[in-house]
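Here is how the chains run, residue by residue.
Number of protein chains: 2
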Amino acid sequence: MENANFPTSDKGRVYHVEVKRGEVANRIITVGDHTRAEEFAQYLDKDSPLFRLSSARGFLTITGKYKGVPVSIIAIGMGLPMMDFFVREVRSVVDGQLAIIRFGTCGSIGDARTGSIIVQNAAFAITRNYNYFSDTEEIESELTDEKPYNFTKIFHADPQLYKKIELELINSFGEDNVFTGLNATCDSFYSSQGRKDGNFRDYNSNLISTISDIYPEAISLEMEAFMLFHLAKSSTSLPLKDSNNTILKNSIKAASAAMVVADRVTNDFISPVKVHDIQKVAGRAVLNALVDFELIYVHPDDDDCVWNKK
Amino acid sequence: MENANFPTSDKGRVYHVEVKRGEVANRIITVGDHTRAEEFAQYLDKDSPLFRLSSARGFLTITGKYKGVPVSIIAIGMGLPMMDFFVREVRSVVDGQLAIIRFGTCGSIGDARTGSIIVQNAAFAITRNYNYFSDTEEIESELTDEKPYNFTKIFHADPQLYKKIELELINSFGEDNVFTGLNATCDSFYSSQGRKDGNFRDYNSNLISTISDIYPEAISLEMEAFMLFHLAKSSTSLPLKDSNNTILKNSIKAASAAMVVADRVTNDFISPVKVHDIQKVAGRAVLNALVDFELIYVHPDDDDCVWNKK
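Protein chains in written order, with the UniProt record's numbering: chain A, 1 to 310; chain B, 1 to 310.
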């Protein structure tokens with residue numbers, strides 16, 4: 001490893017995801033769980049080579065082709081920082097536009113029951129306001145205006161990409177089982193999602209109702225989608241114009257969908273068997289949406305790319 | 001899995017770390033990397049059983065005895081949310097006080113060169129202010145008072161525990177190679193640690209100098225220690241008094257140390273071989289500190305505990 005600013009190995013591998021140029025496609029499905037990545041990988045074309053890389057830091061990259069189009073399926077684990085590692089390190093080794101679809105799990109705070117799917121067309125973050133829980137008791141009185149949890153502004157999914165996902169999911173699961181709306185990405189599975197835990201002072205008993213006050217249209221809670229949308233929005237432009245001569249402002253197009261595994265209204269929790277059944281069908285749907293999405297500039301499709309290896 | 005508030009399996013296993021009662025000791029070393037956990041586990045007593053559990057979500061728990069005392073070594077991956085999962089889920093399955101020592105890697109922004117060790121006796125967090133990077137351009141002008149990165153107040157390590165660690169590390173590495181001081185826990189390896197990445201608008205070119213302005217005594221940057229100190233401070237009391245009749249305010253005692261792998265002053269980055277050499281020695285030092293730390297109430301030491309299994 002060299003250069004503490006952006007460490008890469010002497011083979012050009014990034015530090016945590018461990019991929020290098022030619023190992024990641026411009027079209028990516030990202031999931032949390034390694035077994036979900038392996039399950040989705042079963043749909044990749046059998047007549048193309050399948051590249052697999054497990055990094056020491058918990059990332060799994062699988063690259064191949066789906067319907068003849070190069071795609072990567074990347075498992076990243078959980079939480080905002082893992083999404084940040086993935087997006088930044090992958091962005092650094094792929095030329096051209098990236099289209100990234102997150103497919104994960106979420107809790108429902110709206111009409112969606114367990115077993116249904118939520119297309120997250122926008123997201124805000126709920127973050128714990130650490131200062132509210134100050135280490136120095138006497139400071140706490142200064143903080144009366146502060147709230148224990150902060151709510152960010154909303155960031156959006158790419159409209160074309162999420163609509164393709166929505167359509168494919170409705171085709172697979174039916175209109176009654178697919179919900180589209182605003183997602184809250186939380187920096188904890190527990191405190192900032194309003195779960196009660198007597199072992200910690202979390203001051204979160206009103207959190208779910210506070211969400212309804214601030215963003216009444218919020219329908220799901222999870223832990224990663226916001227960062228994907230936020231980094232897509234923060235991505236710099238490619239040195240390119242599209243066919244309408246519009247300068248491309250962002251090099252990353254992002255969208256997200258998630259299975260409802262926890263119903264925070266009824267307190268119901270899904271069985272692992274049901275998760276498996278849903279993701280089998282959903283995997284094809286998100287892959288279909290991904291390869292149907294047009295990118296105007298992609299990585300050179302040469303012999304150095306793992307999907308072209310003999 | 002049942003109960004969306006705090007999901008556990010019908011065997012009493014927590015949802016992400018997957019441990020249950022009797023599988024985790026009150027004294028814990030936590031690391032990021034699975035291979036580091038395995039390396040530290042080599043020091044555990046050979047005449048006691050070694051329990052190992054890899055969870056589907058990337059956590060590795062190894063429990064045994066060190067010098068006759070039950071200890072767990074738990075690898076948690078990277079980032080604030082992973083520390084949160086670990087601390088909350090482990091706390092829910094262990095009775096009595098917990099002593100948790102983090103041993104990780106960090107970047108140095110002070111006098112410590114790569115290969116030395118920093119005992120982090122306190123920490124603040126540097127978090128990206130997502131609103132500064134708003135998705136809606138026209139809102140940005142409202143935000144002129146906001147900064148792109150926020151700095152929290154400081155939370156502290158347990159003084160007795162970190163001093164034991166400091167002493168053991170000095171005994172192993174010499175005074176010149178051990179530094180004690182304030183740590184910044186960052187919510188990104190990249191943006192909130194001041195790394196430059198032309199693929200994203202990060203507005204972080206002044207970040208390292210801003211740290212010096214706000215907390216001139218800060219000497220290291222990493223991604224987890226703050227959450228450990230913060231949750232220890234936020235932990236509720238045990239229904240117990242200590243020998244001086246003082247009510248125990250917090251059920252968790254926490255401390256942290258980290259190898260310097262990146263020197264953010266010289267831009268030097270350490271070799272994997274050197275990391276390995278250092279952690280071999282440091283592993284014994286932190287285990288010695290951990291078992292030497294007094295806890296006044298621990299989990300019942302019965303046949304259900306994995307360290308007592310035949």
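The reader is advised that the hints may include incorrect statements.
Identical copies go unnamed one by one, so any copy, or any two together, can satisfy a pair.
[Unchecked claim] Pairs of lysine-lysine, DSSO-like flavour, derived with a Cα cap of 27 Å:
#, residue 1, residue 2
1, K196, K46
2, K46, K153
3, K153, K65
4, K249, K20
5, K196, K20
6, K310, K20
7, K249, K67
Bear in mind the hints are in silico, worked out from the structure with no lab data behind them. All of these numbers come straight from a predicted model, not from anything done at the bench.
How the hints compare with the structure:
1. K196 to K46: Classified as neither: same-chain Cα gap 47 Å, cross-chain 40 Å, threshold 27 Å.
2. K46 to K153: This pair counts as neither: shortest intra-copy Cα distance 43 Å, inter-copy 54 Å.
3. K153 to K65: neither (37 Å within a copy, 49 Å between copies)
4. K249 to K20: Classified as within; 25 Å inside a copy, 49 Å across copies.
5. K196 to K20: between (43 Å within a copy, 19 Å between copies)
6. K310 to K20: Classified as within: same-chain Cα gap 18 Å, cross-chain 47 Å, threshold 27 Å.
7. K249 to K67: neither (29 Å within a copy, 60 Å between copies)
This entry does not satisfy hints 1, 2, 3, 7, going by the numbered hints stated previously.
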